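Using the sequences plus the hints, can you model the full thing?
Those protein sequences? They're chains A and B, same order as listed. The first sequence: position 165 = 165 (the numbering used here), numbered continuously. The second sequence: position 97 = 97 (the numbering used here), numbered continuously.
Among the hints, erroneous ones may be present.
Stated by the list, open to error - Pairs of lysine-lysine, BS3-like flavour, derived with a Cα cap of 27 Å: (1) K123/A - K85/A; (2) K132/A - K70/B; (3) K137/A - K55/A; (4) K132/A - K72/B; (5) K137/A - K85/A; (6) K137/A - K27/B; (7) K55/A - K82/A; (8) K55/A - K132/A; (9) K27/B - K72/B.
The hints are simulated quantities; they were obtained by calculation from the structure and are not laboratory data. These numbers were taken from a predicted model, which means no experiment stands behind them.
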Amino acid sequence: MRRVLSPVPIAVICVLVALVALLGYGLAQNEPDRGVDRALARGEREPAPALELPKLGGAGTASLADYRGRIVVLNFWASWCKPCKDESPLLERWQRRIGGRGGAVLGVDVLDVTGDAQDFIAKYGLSYAMVKDKDGKSMDPFGVAQLPETFVIDRRGRIAAVRRGPVDDSFMRSSVEPLL
Amino acid sequence: MKRIASLLAAVALCVLPAAAAAKGCPKTSLGDIEDEVMCPVCGTPLGLASEAPQAERERAYIQRLVDRCKSKDEVKQALVAEFGDRVLALPGDQGDDSLGDVLVYVVPALGIVLAAAGIAFAVVRWRRPKTRGDGTALAGADGARLDDDMERYDL
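Structure below.
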């Protein structure tokens, strides 16, 4: 049988195909998980991923399980994130509004210097609970790819709404108020 | 004369503790550290993350630690406490995975050697003269037969 290609071009083609496959795999791995958004688009509420992290600047941990039976506004933020500065006063107002009605805001400070985060909290007078995710591992299960991102979790621990970006009052009214 | 002596003594009192402190202060700098640690948000070494806000904060944090006379190792430990192991850019800095630390250097070197060998092999094959049907000399029995034929025809 006639030989179509010598081993060298075949080897080069194989290497190129392997490199392209590797590139594709790398890109796929970096894609954030948007399962929550797809479920919400179908009108379904997925259970919120488990989350247990040390309290920011304090002893002990806090977890989402501690909030079961309450509505949780879970906000991923960092002190170096500029849009986080804009939404923080709004989140504080909502903490005061829902705190006595079975709701709570829980801040997750990610990839941040603790001292900077504490300065931020003091500057904006934030009174809601804060946990620290030093290496950002909690971001992946929620599909968090940018900051800030906010998840509204209902009393049964299911994600009822998500905002990829800073929250505003209309989002909070439409997604939190009906759950109270 | 007494005045000068007392002035010198006063200056010495001021300068000596500072000199002693400077001697005890480990010599490190932001530039020395930022190539060995990552900007966790940017996913690049801190030295390459020029204007990212998180990188700026991280640099400021390192500078504060350097100003407090922390050694390079102490700064790295503080960064790990804040950002986790992933902040360390050098393979040997991360955990106790000694096999992984070796492989991370050996595998790329092996890849380079294999690639170089492949390229050399391809070049040699490409440059080797073809021996069939292109008028060049034949070796062995074929060559001898050709020579006989040439002599017989006396061309």
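Evaluation of the provided hints:
1. A hinted pair counts as satisfied when its Cα atoms are at most 27 Å apart, and K123/A with K85/A qualifies at roughly 10 Å.
2. With a C-alpha separation of about 24 Å, the suggested pairing of K132/A with K70/B holds against the 27 Å cut-off.
3. As the CA atoms of K137/A and K55/A are separated by approximately 15 Å, the hinted pair is consistent with the 27 Å bound.
4. Distance hint between K132/A and K72/B is fulfilled; the C-alpha atoms sit about 25 Å from each other, no more than 27 Å.
5. At most 27 Å may separate the alpha-carbon atoms for a hinted pair to count; K137/A and K85/A meet this at roughly 23 Å.
6. Taken as a hint, the K137/A and K27/B pair is broken in the structure, with Cα atoms around 34 Å apart against an allowance of 27 Å.
7. A C-alpha spacing of about 23 Å is found between K55/A and K82/A, which places the hinted pair at or below 27 Å, so the restraint holds.
8. Under the criterion of a C-alpha separation no larger than 27 Å, the hint pairing K55/A with K132/A is consistent with the structure, at around 6 Å.
9. Taking the CA atoms of K27/B and K72/B, the gap is about 8 Å. The hint holds against a cut of 27 Å.
Violated hints amount to a single one, hint 6; each of the other numbered hints is respected by the structure.
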